[in-house]
Structures are given as structure tokens and as C-alpha cells.
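Chains as they are written, first to last, in the working numbering: chain A, 14 to 645; chain B, 14 to 645.
Misleading hints may appear alongside valid ones.
Since copy identity is lost for identical chains, a pair holds within one copy or between any two.
To be verified - Using 20 Å as the maximum straight-line C-alpha spacing, the simulated EDC-like pairs for lysine to aspartate or glutamate come out as follows:
| id | residue 1 | residue 2 |
| --- | --- | --- |
| 1 | K595 | E147 |
| 2 | K18 | E325 |
| 3 | K18 | D107 |
| 4 | K29 | E451 |
| 5 | K291 | E333 |
| 6 | K234 | E531 |
Worth flagging that the hints you see were computed from the coordinates, not collected in a lab.
2 protein chains.
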Amino acid sequence: MQFYKDGFRGGNPDIKTAAPNRRDRQDNAPLPEKVDVLIVGTGPAGLCLAAQLAQFPDISTMIVEASPSNIVKGKADGLNTRTMEMLQAFGIADTVKRETYWVNQTSFWMPDADQPDTIKRIGRVQDVTDDSSEMPHTLINQARLHQLFLDVMDNAPARLVPDYNLALKDLSIDTSTEDHPVTVTLEDTGVNWGETTTIRANYVVGCDGARSKTRKAIGGKLMGDAAHQAWGVMDILANTDFPDIRQKCLITSANHGNVLILPREGGYLFRMYVELDKLGDDERVSERGFSQDDMIATAKRIMNPYTIDVKEVVWWSIYEIGHRMTDRFDDVDKGLDRDPRVFTAGDACHTHSPKAGQGMNVSMQDTFNLGWKLAHVLQGRAKASLLRSYSAERWAEAKRLVDTDHEWARIMSAPPGTSDLDNGDEPRFMRAFKENLEFTGGLAVQYDESALIGPPTHQALATGEEIGRRFHSAPVVRAADAMQMQLGHAAEADGRWRLYAFAGKDDTALRNLANWLEKDPNSPVVKHTGSDEDIDAVIDLRAVFQKTFDQLDYENMPPLLKPQTGKLGLIDFEKVFCLDHKGAGDIYDMRGIDREAGCLIVVRPDQYIAHVLPLDHYDDLATFFAGILLPV
Amino acid sequence: MQFYKDGFRGGNPDIKTAAPNRRDRQDNAPLPEKVDVLIVGTGPAGLCLAAQLAQFPDISTMIVEASPSNIVKGKADGLNTRTMEMLQAFGIADTVKRETYWVNQTSFWMPDADQPDTIKRIGRVQDVTDDSSEMPHTLINQARLHQLFLDVMDNAPARLVPDYNLALKDLSIDTSTEDHPVTVTLEDTGVNWGETTTIRANYVVGCDGARSKTRKAIGGKLMGDAAHQAWGVMDILANTDFPDIRQKCLITSANHGNVLILPREGGYLFRMYVELDKLGDDERVSERGFSQDDMIATAKRIMNPYTIDVKEVVWWSIYEIGHRMTDRFDDVDKGLDRDPRVFTAGDACHTHSPKAGQGMNVSMQDTFNLGWKLAHVLQGRAKASLLRSYSAERWAEAKRLVDTDHEWARIMSAPPGTSDLDNGDEPRFMRAFKENLEFTGGLAVQYDESALIGPPTHQALATGEEIGRRFHSAPVVRAADAMQMQLGHAAEADGRWRLYAFAGKDDTALRNLANWLEKDPNSPVVKHTGSDEDIDAVIDLRAVFQKTFDQLDYENMPPLLKPQTGKLGLIDFEKVFCLDHKGAGDIYDMRGIDREAGCLIVVRPDQYIAHVLPLDHYDDLATFFAGILLPV
């Protein structure tokens, strides 16, 4: 991590210097009358967006929550590898890695053919495929994840904290003005219960869950399948002789249904999802009156011959699986040609079963997609039409999620067929699980070609870095200090674009590119960076050379690779990378980079690959950025 | 990390549940009249001890500091690999790893033979030898390290916080009583300046630096060489065309002396140690009136032809090298037969040049050695005579340090000889640096045979885990959850002994040992663990098997390897380890463990190897522990 750039300051480097213009948060200070962005809801979607926007103190952000405080327990718990990669950019992945349970193996249990009323392990699958991500798949108390985001917000220049006890009552959009056109009525849910306040916002983002009032206010409806399968979920501290209790387990019994076991942080706690009865066509789960005891009894029947001795039920809930989504994630009806002002994210616009562990992850990815776009528009770097891409990109992704999740829930809930028991083949649910790993890891997301995603013309220059998918990190060594690291970790959640330039068989093309980027009037760095800004404030060039650190002539780098930035104009020594020399792998081989020609990989602020280009295709590069960013 | 053992509790798991009997720390609450341990000084030695003792709320600990607060900058900055291993046990290594500069390579520069007034790189050395430690060598602002220890203290059950603005004035020991025999006079250095308070303590530990009043009060004197070489040290933010500025560099010029460069945390800051003039025999450095400008000018001359453009001088200081130590680290004169009551640690009993980066590291290792011994005695687990081993073990280590350091400083300060310049051999200082790496890493420490360190009779069973040296961690996989980890990280700074039992060619001997340990009246676990304590409260058995996690029959482990502990009696799933199956290495091969016979490695609470025994040498094991621990 880099700090002291503007001069030495002691203390925790994660606490950034506060911005002078931040909101007055002393007791009894009034609420703002106008804000740039109002976020509704402090779940993972809302907090991820707030953590992103809090980095930009020139954007006024407010986040409201109807509850009086952060949650303490329950709800979601899975962080897939893609989410972990994102948390790395927010600077909290190391803490999450330290505190969480890591899903290393998933274990599969089925009825024992010899004694079908008992279960037997039929196999295990490594949960994160080698080199699919540098990150683990982890499980954490959702409340703790919230707290880590709250810390990021509070440590950011804006010192952003939620306004609790404020619920969205209604909102209206005045399409005739560009000046804070959304009028929001907030209702006090605390001591001044029922009291309303009106706030005007440039943008509103509803992260207010499946019963989202934001969604309703813009005429959205969750549509789709209201499934009729009841499931129970339970976080417990319990002893058991079941040997795989500290592994993720999918257990199907012959006659009593299924259990999904998810070990949790701390070494003792685990979660069980227990399949309960099928519901009638018009029946709701609440009508059945399931209790925690029903759930434990069912789990015990399923896990026979193993026993469970429950010591503490930490949290439990019963729900139906529903796979539903809205037809758009913003306030602009199809066919209308205007830029959106109100957005929904997370459960507010798509719901699905927790079985594939996607809900919380996809919710955060929604707002990580939206955050930099809002920042670009509000900072005047891009036209407001950029915001149209949010619904376009995330709706398509949610649709795929809902479809896949539906299919997966069906496989999970189906009783094991005879074929699953008695032949040597891999049972269907184990096979399906393996086939789904890239999807459940959050790694399968691929955005379609658009102004933000270039055509695959030059994809062959980097076969392992697919345009439209997330930048796939790999090991490198930083030239200046011989530090072994992941190239992808150069990217922080700071709203900047990254250009990863890979040198070809000689370094000339890369050096020429760096010099062109620095000086040419047509260069996107020159065109889109303000004269009062650091040269890497918008577009951040990083170079990778086909040499090890002790072979590279680091003395003679183009100036853009040793830029002088910050108040003191200090040289930044973290722009140049080399091949790993300690056996971690060769990034060119691992990601299929063309060794002859090299290439340039353009990566969006949300870590998705926007383009792959030859190092000397200056015009293509300039044109691409001109399609998104405004000239300064 | 393990938590929720006594039931679920939300929030940051590093914050442990507060002990009900902890000191009242409300404003204006009185100081305690009696404490078990009074620590004088909040440098690394004092804070490391306080962080250790704060884990034991039944021990009342007070730590006083003459200054009004923690420091902000300056002083030491190097954390060698051994210290990092210790910080891992305190739970702060991950934070340190994230925030610090890592010394990956050390670069050597000497006069260019063709142009002797300029310098030239003559080579580089990997700073941490492969597999010498799983930890990096890091550099951090000392103030930040202090803060991390302060956080550990404040998060511990005792919620220990320093009492600032209190200096030790004097102390006296009443050898006729066992009831708080040390009377300490503390003097207010804050608003009530000069006001004195008297506190009685069972033990006092002087971590009060080179001018230690604790040392003086017990008649100790720093003796040895008062060197006559002046050095300047400076933390700066500066630009330079010197290409290795982000690597540790030893630079010797032909005629202007030497510079040592240490890059620091944050990517921009670096430290320079600059050799200044030789002093006359009776001259003190202060008489020379060196300024920061002198230092910068000298550095520029040495580093010719490279330039340095200083943007901010963060901190600087000038000092003489002195290599001095006291003849004992406690209050018991040689020849006297009584148990000590007062100790000194760190600079209070040994000083040396900062050039080899040892001072802060050795200081913390002093008190890490003392902490568990004090806890054992104060908790009634061991006789007070255990405390005699502190001075015995640490004095010998300090002596070796002072001698080596002296030699190293001499090599560093000597002008490069002709032979260093013009022949193909490695220059002397580069060779000496390499030969010293194990020493400077803090890894060469070896305690002599004693009641605490067994004889090397069975050393051949584990050739890579030497008795008397620190337990050398290696990769394993935890059986229950297939987690790749370092075996050494099973050890926390909790005052417990670890038994690492390595299975031989079959598991029988290990299983027999576990059952004997659990039940036999002669077993040290049975003899030294209270009936109201967890079975692993004093001696913590961990097992390593010669199988991978999917080959091991984890279902059928001896009860001591799946013990039920804590308020809820929950099964602990973190006692059993397997071979790494993902290419990280085979611990048996890496540490020379006998595959036929296996072995038992007994590790002290401070991570030093106390014994290596065959798995079935029950009597030897019982006898060893009976020589240290009292029966319950």
C-alpha cells in the first residue's frame, strides 16, 4: 500500500486524511438538503457503493437505513472469489482472509446403497480450481462484512457514516431539470417516529432489499417464479461425530431431503440449510409454522447415522426459494431516451435462492459496477449517458444468474435417482456442482460489447484475459523493490482506469506507448486528465516486462512509468513489474500473452477488461476512451 | 483464528471478551496500590511484555511511561523474520505484512574502479534465504508497531492501557517477604509534575532504555566499548535517480564513508544511515554540532553520481555507536541464591549499533522470553525459580549479539580495501552480510541445555528442528477443513506449551501417546492441568500425520485430538494436520523428521524448542515437565 505521498503522517495508514468539505456530523447537525447520491439501505449493495463513493469527497453521498444500527448476525455469509478480488481493491481482503472460514473442499454425501437410511461420503471437490483466482472462497458473518465496509467509509476522505432510523417513504423525479431532480421523502423510524424530511438528490440508489420502496417508486416489479420449496437456515454451535463438519457439504438422504453444511468463521460455528416440505400451490411458508426444532429434527434424520448435539442456536430463519427479477434496474422505461436518475441494486431487483451463495456477492457486484460510473458522471469526467450501461450490464448478468440458480436449486432439491446411487459415474449433483464452479465463483460474468467493452479483434494477444470478463490476476515481481505480488492488486477501488502494458520481445513498443501516452495531444491521458491532477489520476499505466527484476534496466524507464505525483511531486516506484523469479509462475504463459508482440490490456475501474489492443494501436485506444470520457 | 468458543458474539474477533476483574479505568479512578507486575517503559520491550501479560486477567499488570503518549515517528524500524514469527503469535503479523516495506533484496554498491569518485552496483543478495522463515523481513515506523501492541493490550481480557506521565523514581526490594516485595516510587511527569506515588509490586521489569533507572536501582551498569564513530540517521521523502532506492542498500564510497539505505513503509519514505566523522578519544558526538544538512551533504557525496532531491525530512538524529551491556538482567548478584524480583530488558541492559537492525528485535525477544515465565509463576504453575532462567538465557544471547554487532559495525565502517575493488571475489562486506543473514534474521538464537532445554539425545529424529532454537514452521494442511497453513501458526502468544507429535510409519505410537497424555496419572497434561481448566489449557497437543487430508481417517482420532473445551464444551477441530497436497512442501522432508519413528517436539510458550523425544518416551516427557511445572 502507498501512503505518505503528500508528506509523512503517523498512525493507521488505512485512515485517509479527512476532506475539509466533508459533512458536519456533530450531534444535532442538520441533515443535508441536497446530495449528489442518496443510497437507500445498508446491506452489502448499499455499503459497497457507499465505500466506493466515500473515496470522492467532492461527491456528497448520503446513505440511509430504516434500522437503528448495523445487523449483528444472520443473513448471507458467502464471499466468492470474485467478491474477494473486489474486497482486495477496497483494502479489506487481508482482514477478511484472516477472520473467515475458507471453503477449500466441498464434500458430497448420499444414501449408502447398502443401508439407504444412512449417508456415505461419495466424493470431494476442490472448491476453488487452481489458478481460477488468487483469492479463496470464504464464509463470514454478514454483519462483520458490513462493519468492514463501514470502516472503509469512515476512514475515507468523506468520513461517510450511515444515517440510521431513516426509511425511504417516496420519491419523485423531475425530468425537466438537471439540478437535483429526485425529491426523496424520508421517514424517521426512531425517536421522532413518522416525522418526514425531504431531500433532493441527483441520483438515488435503492439497495433496500426484496421489498424495495425505491423499486416500487419507479414502477418496478419482481417477477418470475415463486417456488414452493421451503428451506430452513440455521447458524449453530454444535458437536457432532460427522467427520466433514468443517467442510462445505452437500448431503442428500434417500427419504428425508437435503442438508447443505457451511462451516463458518471462528472454527466452531456452522450453518445448515435444511430442505423442509414442499408447499402447496397457494401456500406460504409462514402458514406451516416450522420451528427451529423441526429443522434440527429434519437435519438429524437426513444425517443419520451421525448425531448432532446442539449447544447454541445463534440464528435461524425459514424461507421459500424464489427466483425473481425486475425488467430494468433504473427508472427509464424501455423505449424512452433519457438518462437514468434512480437505480436499484441487489435484492431490490433480483432475488434467488441462497443455495449457490450468490445473493450477497451479486449485490455488491451490482454497485461496484455502478459506483465508478456515478463518480465519473458527478466528477464531470463522463456524460450522464454512461449511467445507462448499469441496467444494461447488470440486468443481463442477473438474468443469467436467476436462470442458473433456478436450475441449480432444482438439482439440489430433486431426490437422488437410482442412477445416482448404483453406478460408478459421478452423481448428477456433484457433476453439476463442478460445472458450476466458475459461475458460483462469480468468475463467469462477461459483459457484452458496448461503448465500455471493445470488440474481440485482438483477443489473441492475451487469450487468458478475455474482453468483458474480470481482469484475471497473476504473479509478478515489482521491479523497484523485488516484491512478489499479484498484478491485479495494483488496482484499488479508486475509480481509475488501469492500462496494463505487456512488453513484447523487445521493449521498444512499450516505451513508445508510454511516451505517446504522456505527451501526444491525442493521448487519452493527455485528453482526459486535468492540468491540476496527477498524471495518473484518471488512467493509470502499469508495465510488465519479460525480464526478471535483476535483468531489467529500471534506471531507464519512460517518465510515465516513474511519474512524480502528489503534493510533493514524489516519484512513484510502483508502476513497473517483472516476471516472477521465485517459481510462482510466468504471467505471459499463465494468461496467454503474446511474447512477440506484447499487448495492452485496458481495465475498467471495476476490474473488468474493456479492451485488448496491440501496443501501437494508438488511435484505437484514443477512440475507445473518447467514447466514454469527456475531454478536459 | 478461533472464536465463538464460549458462544456467539458479534463484532471484531480480535477484541476479546473483557474480564470482570479488570482495573477500573474511568477518569480519576485511583492508581492501584499493589500490582503483580509493574513494567517501566512503553518501548518495544515493555509493550511486548504488556501485550503478553494482558492475556491473563488474573495477573494485575501496570505499565508506566514517563512520556505523555506514544511516540509519533523515529527510532527503530526493522522487524526481522524471527520477530515477525512472534508477531504472528500475537495476531498482528498480517497487519504488519500489509503495511510494511518488505526487504526482499539487499543491494551492494562500491566505488567504480574506473571512476573511484562514483559508485557502482556490485551485486545483490536475497535478504531472506529460501525457507529460512515463512515470514518476510519488514520495515515499519516504530510508532506504528507500538500502536499495534497497544491495540493487542487494549483488546485483551485485561484491557490494559499504559499509565502515561509516570516515571520510575526509585525502587527497593524487601527480600524478607513474598507479598509484593518491590516498593516502587513513581513520579508524575504531567500536570502534577513531581508528585510521587508508591506502588508495591511482585515483579518489576525495567524496559526504560539505555538510561534505565530500573537498572541503576538494582546496581546494574552498561559496560563495554564506547565507540568513536558518529552516525546520522534520517527518514526522508526525496526524489533520486539512484535506481535501487526501493531496495536495502549498503553503499561504500572511496573517500566519503558509507550510507545504508532502508526503504520504508508506504512506497515513498526511506531511511538513510550516514557515516559521519570519527570522533576523538574523549569527544562526544554532541560536541560536533552536526546538522541535518551535513548529513544530506555527506550522503550526496557518497552517492555520487546520483542525486538526491529532499522534499521532506521526517525525522533525523545523530548518535555514536556503542556496544555495551550489564553483567546481569535481574536484581540477583552472582553467587546469591534467591529468586529475582526485578528485571531489565532491551536497551536497559544491552545497547548496540542500529546497523544490523537488532536493537528493537532483541528487546522484544527479551520480554517474550520473560512474559510466559512471569505468567507461569504468578498463576502458580511454576516455582519462582523459573525466573532465574531469564537472565541466564538472555544475557548469553545479548553477549553474542553485542560481539557480532561489534564485528559487523567494524566491517561496515572500514574503508573498502584495494582487494575489495579490483578482483573478482565477493567484497568482504557482501560476504559478511551473507554469512550474517541467519543472525540478523534473529534465527541463530540457541539457548543452552537447562531445566527448560532438554539434551540433544534424540535430535536425530528431527534434524531441522534443533533443540534450543525457535520452532521452524513448515507448511501443513489442517485435516478438518483442508486448510493450507503453517504449522507454527498453531501457536499463539497465550502462555501455553505446544507438543507437536509427528506420526511415524504407522499412527499407533502417536495414538498411544495421545491416549496416555489424556489419561495416565503420570502424564504432564493430567498432572499440570487444573480440573476446572480446559484439557489443553497448559499443554496443547497437535498431531501431524504422513497422509494427505483425504487419506486420513479423521473420524477416528483419539479424544485428545478432538477435545471438547470452553464453556459449551465444543469440539476443537484444529488439532490435527496432514501433509500438504498442493506443492507447498513435505514437512517431514523439510524439517528432517524421521519417517519411520516419528517424534514429539516440545515447544515452549515463546516458540523455542525445549525437547525432541521419541513418541513413546513417556517418562522423559513427564520428567521434563515435572522439572518446570508444579503438580495441580
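Here is how each hint holds up against the structure:
Both within a single protomer and between protomers do K595 and E147 lie at most 20 Å apart by alpha-carbon distance, with minima of 17 Å and 14 Å respectively. Taking the closest pair of Cα atoms, K18 and E325 come within 20 Å of each other only across two copies (11 Å); inside a single copy the shortest separation is 49 Å, beyond that limit. Taking identical chains as interchangeable, the C-alpha atoms of K18 and D107 are never at most 20 Å apart, the minima being 23 Å within one chain and 23 Å between chains. Neither within a single protomer nor between protomers do K29 and E451 lie at most 20 Å apart by alpha-carbon distance, with minima of 35 Å and 37 Å respectively.
For the homomeric pair K291 and E333, the shortest alpha-carbon distance inside one copy (10 Å) is at most 20 Å, but the shortest distance between copies (81 Å) is not. Neither within a single protomer nor between protomers do K234 and E531 lie at most 20 Å apart by alpha-carbon distance, with minima of 49 Å and 62 Å respectively.
In this structure, the earlier hints numbered 3, 4, 6 are contradicted, and the remaining ones agree with it.
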